[in-house]
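> Model the placement of chain B on the given structure of chain A, informed by the hints.
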Amino acid sequence: MAAKNATGVTRNEVNLKRPDHVYTMGPYSGELWNYHLMPTYIEIDFLLPTGILIVLRCRREATLEQVKSELWADAKGYPLYHLLLSPKNYIFTSVTLDSKLEEFYDESRRLCDLKLFHPMLKVVEAEGNRQEMVFNSEIGQAMGISVNEMDDIKQLEVVTFRRRILDVCSAALDQRNQNLPLYHFPPNLESSLDPPEHVKQVLLNNSNVIKICVWVVPQEPAAAASAAAAASANGGKGRSSNKRVITASPDWTPQQAIYEVIRKKLVPEGLEEDVMQNSCDKYKSDFVLRVCGVEDYLLDDNSPLIQYKYIRNCVLEGKVPHLMLVSKDTLERLVVEPKFTKPVYYRKGIVALEDSLKMPKEKLWEFEGPFRVKILLAQYIAVSESGDLFVRAGIYHGMDMLGSAKDTRSTDSGRPKWDEVLDFEIQLSDLPRAAKLCLGLCFSPKKKSRKQQSSMTVLCWGNINLFDFLNRLQDSKRKILMVQATTFEPLNPLVKRAHSSNEPGIPALDIEFERFKYIVAYPDDSVVDFYRDEAGKSISIPEEPSESLLAQISEIASRDSLAELAEQEKELLWQNRFHCRAISHSLPKLLNSLYWGNRRSILEVYWLLARWPTLEPEVAMQLLDCTYPDARVRQFAVQCLEKTLDYNRMSLYLLQLVQVLKFEPYIDNPLTRFLLSKALLNKNIGHFFFWHLKSEMHTTERRRFGLILEAYCRACGSYLHSLIRQVDALDKLTKLTDQLKGEREDDQKKVLMEQMEQLDYVEALQHLHSPLDCSHVLGKLITSDCKIMKSKKKPLKLSWKNDALFAEYYQSQFKTIFKNGDDLRQDMLTLQVIRIMDSIWQSEGMDLRMLPYNVLATGHMVGLIQVVQNAETVMHIQKSNLANAMQLSSDQLHKWLKENNDPADYDRIIENFTMSCVGYSVATYVLGIGDRHPDNIMVTTDGKLFHVDFGHFLNHKKKKFGVNRERVPFVLTGDLICAIAKGKEAKELSREFRRFQELCGKAFLCLRKHSSLLCTLFSMMLNSGIPELQTPNDIGYLRKTLGVETNDQVAVESFQTKFSEAYQGIWTKKVDWFFHWLKNKKS
Amino acid sequence: MSAGDEWLLPLDQYAWYWGEASREEVHEATSDLDDGSFLVRNATSHHTHGDYTLVLRKGGSNLLIKIYHRHGLYGFCTDSCSFDSVPALISYYQHNSLEEYNPQLNIRLHRGIARHSQYEVVRTSDPHSLIVQLERNHGELLSLTRDCEHLQEKQFKLSHDIKMLLQAQESFKELSKIFEEQIDQYSLQKSNGETAEVQTNSEALRERLKSINANMGILGNTIQEKSGFNSKLAVDLNTIRPNLKKLTKRQEHIISALLNHGYLQYQLDDMLKIGQHSHWSHSGAHSFQPNRPSSTYIPPHTSNHRLESHLQTFTNITPGHHTSKEVPHKNKNNWYINCTRDEAQKKLTGCADGTFLMRPGKSGFPHSLSIAINGGVGHCRVVYQDGHYGFAEPYITYSSLVDLVMYYKDHSLAHHNAQLTTKLLYPVNQPNL
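Chain order of the listed sequences is A and B.
Residue 70 is where the first sequence starts when you use my numbering, and the numbers rise one by one after that.
Residue -6 is where the second sequence starts when you use my numbering, and the numbers rise one by one after that.
Next comes chain A alone, as it looks inside the complex (with noise of 0.2 angstroms):
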């Protein structure tokens, strides 16, 4: 028996009686129903393909294959042996927690992780192909639902797009094959080939020149790694000959730094200069530059060094780039891609589409009189009190309502039925294409006097597209689940309910499209260029226009927008429309002029948008918000990224891009396809895209995101393994920490380090790229380093060594917090959009030191944040000396930066700590960025400070009860300004000081001129479920502060008021942080 637990199997004594295992109500998801993690021994039903049970004791991490083994051994003393096969012929299946029956057809995954329902294994003959369901199985894994979810779905629209999106696939690899490495190893660069000012500048002071150390190494992977071994344990001394240090030019390729390289290691073997010419020209083309530490190659030929991100930081910084000499060959072999095989669902046919594209069809716009649906009744509608319920019904056009909204009679609560036909005045023929009904179902209580004003309220909402994929116009019963309504306007055209729900008791609709003869449809493309270039032919471009009046359109094509267009202004744009066309950024605020209840308009703007120009990237995304629902416009929206959007930049608005999804009134769209290519193109777009779309599988997407997802899956190439290793990881972590929940404060350590050492835990946990950067490749846990944080949700410290070569000029540990519990997308929407800031001030010129780290949300309350290492929170800073409570010192952070650091260095570190206390005090004002403290303000010891753990924003508190959270929402304090000032007496007159508000005044003014991408950005989050931005409103404090509406000079006053009542709050700030330090003290 002891021996066999080295196979992790062992075998039970013909015990097949075991007690009824009764359920408890425990945890619903973990490794088994009813746990969160599987105990060390499980027994097993194993059901045999002869109809035989067995069961055996197995421990949790052990291998199918090693059960398989121990199932054989064990099978012999029982009945019916002869009449199996060998064991190659069997699989395994169970019903997972998904409720799935699910074939495993890889062996060397672990029962812990096969997420069973029942401790039970079915041995079945392995059929059908096995290779493809091996895929199958895998692309489960990644998305963490079965296949056969999808599988399960025969809706025409779903069924429809799984086969013609590998179209997609498909055209996206043949171009990825061109050039692999490109797609493995994109290289990370700088939208602008020009460098910005302050970049200019640094070049200036280096005499225009970068030094750059390249190492040359053996190509031999193995001598590689001695190699650099040697050499860093030398430190760089005496093995100098591996490495060259080169003067480069900013605006040389990589090609010609590798030229140079490569010159001056022969220049020792004394050649003549022509002959050398002619074996580095020879040779340069053999080798690529790669970033030592990390998965970073300079591989883009047609771009300066300085473009390159990596060199671009280093000059900033002042540091000296490392780069090491990798052969094409080795490169080739690290990027090799198994040939793509459709799915069998590929070939098969859809009958029933071909069906229904038959069928005779009814033309939509030659049928005269109204819109009308007929309300039938409502069922599960909870109300305790009787009144009086009514539908309100309206269709919309995105957030418009076309035409006016219909109610139907009140009827009473006991009895929701109303059989009631509400005629709309909209005409059939003027119906959009995007158009949706979208319905409300209103209470009033009985009125208790006469006098009293009825008080209707909503109680739910529910919505539904008029047309379907295929155009064709609704005209059948439908039942509407609805959904719990949670502001009071009676319509919401964003609410969705989710595909298929087997909930019961949900608030439902049921209303009755009008039936016509044939089916109804709306015109096929082709028909609609046709009479859109009919329409065409009649427009007659008028003359010249004014200066005046390209001046006014200019001026609100300008505005932010959420700005709201009065109608007059609405009758310019809309009058002047061929002459917006020379301010192309006018096209939004030209659309939100357009009545789109009326066709011939629709078809002029049709018209105009084929001959619209080229929109910048900016403005396009506007037109990918829920207010444009309409298909042609969102597709000449993405025709402009497809020209304008850069990689860099689109990694920027990645989260937006993926957020906008959720506005497409079906799944299969030009934006999907989009972003579906350029993540098959480039993996570091692809991985981020994956991780958007899988964070979201638990809402009211997963239909439509898993069905993204999967078509990721299948065409990512050989990078599916590395996401599942990090899904895996990630997994387990979720599962660890549930656990850790439940144990007592002090044993907690103890179990996390018991877990840690688990084989299964060992495994998942190495070796895998990091969510928050796929060119960080984790190496060992350093399970010494980890540690449970001590916070309310329990966050685990994890650190990881850096295993590539040369590990230390880049980090030699990888720090990460894993945190369970809470929502972390409103730190990541917070994070990316300092990002964007960061952005613009760079462009302009502004190098503000800004430390926008990573956060990645995972899943459902889990993600990932990275730890800046070097850095400590104020709190930390202050408490080194607090001996005096009641006389804070404020001069204790800048004793601290001065003690940690070469005097020599001092201005530099403080120029860092002014720079970027400029971007964050801006930063958090206009965002509103709340409950601010010395815990969440950190500071890294060469000065640059930063903010973490964005819990509220848009100063969100003052919604909710009436009530601002806190008086003063600009963060300035005597300690930041005491460093800032250098430690001078009269700080706020120091030169520094007002230097530093200068900068403040000035990096304000550059948010302000880019207001409007940033409101975009905001409003295309509508939909993304983030607590503290559901409405257009919340927005609202983000144009307040930004001072939308006000010029320059205006809004500058107003943030100079704000800048002066944080200065003159700095006391009563101490005092807070004061008591907020006592408070964690205490606990």
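These aren't lab readings, by the way, just hints derived from the structure by calculation.
Check the hints yourself; a few may be wrong.
Stated by the list, open to error - Computed beta-carbon distance windows for the label pairs:
| hint | chain 1 | residue 1 | chain 2 | residue 2 | range |
| --- | --- | --- | --- | --- | --- |
| 1 | B | Phe358 | A | Lys861 | 39 to 47 angstroms |
| 2 | A | Glu423 | B | Met157 | 38 to 46 angstroms |
| 3 | B | Ala207 | A | Glu112 | 16 to 24 angstroms |
| 4 | B | His372 | A | Asp1117 | 49 to 57 angstroms |
| 5 | B | Leu1 | A | Arg650 | 42 to 50 angstroms |
Note that CB positions come from ideal geometry on N, CA and C, so glycine has one too.
Only chain B this time, still in chain A's reference frame:
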């Protein structure tokens, strides 16, 4: 053009005139109103050239129509202003459809939206009683919001549970199917001999199936139970919502009325913030009363000049209660003792918490405070700067020691020193002590 013989008031007498209302304020007040509701506000933004903006509710959203002021006349178009006044224009379109101006606007101005509430309660001009109302309303709103959030949270959790349980039920169904198949499998193999052993095995299988079905039954009951509870929660929520709406609206109205009385937004915020803490324990209305010697509520850190002057103006509005009362604190003799620190220590030892005295200070500080606290005695220097007294910056705003004492009669010192969790309650020489 004028609106006939109708007698018109000046613009600011109309309830539908909102003056300088913010866009968010307008949005919140209009979100659920019927088509045809309207209001007029000043055209605020710099890029609007019209003088006023008519906000009209139509199709579930707000239309903004500029009212231009040209050559002394008002109208919707710059080139055809023909009304003598804004009220004349509004009155006209209350009787005539806006179609005349824009063919798509087949609507009249039906109902003016009053900024300052149709609620009876707000119709008082006394800011003091408004504040009392605000406090009460805020308290109710707060507790209702809490209830609502609590219910929503519960409902969210419950729905999640139910979803997971339903999922489990599905899993059990699958599981039970597999075991049934396995049992069928066995009956196919029956003919193969080895009966006794196979028999035992098959019985074990049947046991398994039974237990699975039993568990499924338990699960089903739990689901039913939870669903029942869930729909009860939905009922509760739906009952709360109309009230919540009423209170929210009322809160907005009271606040805007108070703003109209010259209070500033953040002052109200501050009051409510205090209220937030005190209201947990349902304290009386006094916590909102302006209770500084000047009888004006001033947020502790305010020293902005503009603000100061503004506050002066409404000092006159708010009646002072405390000033009239005779308090021992007003008499310096009751608490100013010429003694040393040690003497003060002796004097106060054993006194009730909050018993205090002032005495001459040393090392550059003219005066010091000594106060009994937690069975001991605390000492605190009084700072004198530019003719004002105080304990610490920027609170050095009291022109006399009496003012200082009067202020801290009502305010805890904990603000400055966490250990001094008391107010200046009893002057050491208070006659009746």
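> Each of the hints needs a verdict: does it hold here or not?
Hint-by-hint comparison with the structure:
no. : hint                                     : verdict
1   : B/Phe358 / A/Lys861: 39 to 47 angstroms  : holds (43 angstroms)
2   : A/Glu423 / B/Met157: 38 to 46 angstroms  : holds (40 angstroms)
3   : B/Ala207 / A/Glu112: 16 to 24 angstroms  : holds (18 angstroms)
4   : B/His372 / A/Asp1117: 49 to 57 angstroms : holds (52 angstroms)
5   : B/Leu1 / A/Arg650: 42 to 50 angstroms    : holds (45 angstroms)
Violated hints for the displayed structure: none, as all numbered hints are satisfied.
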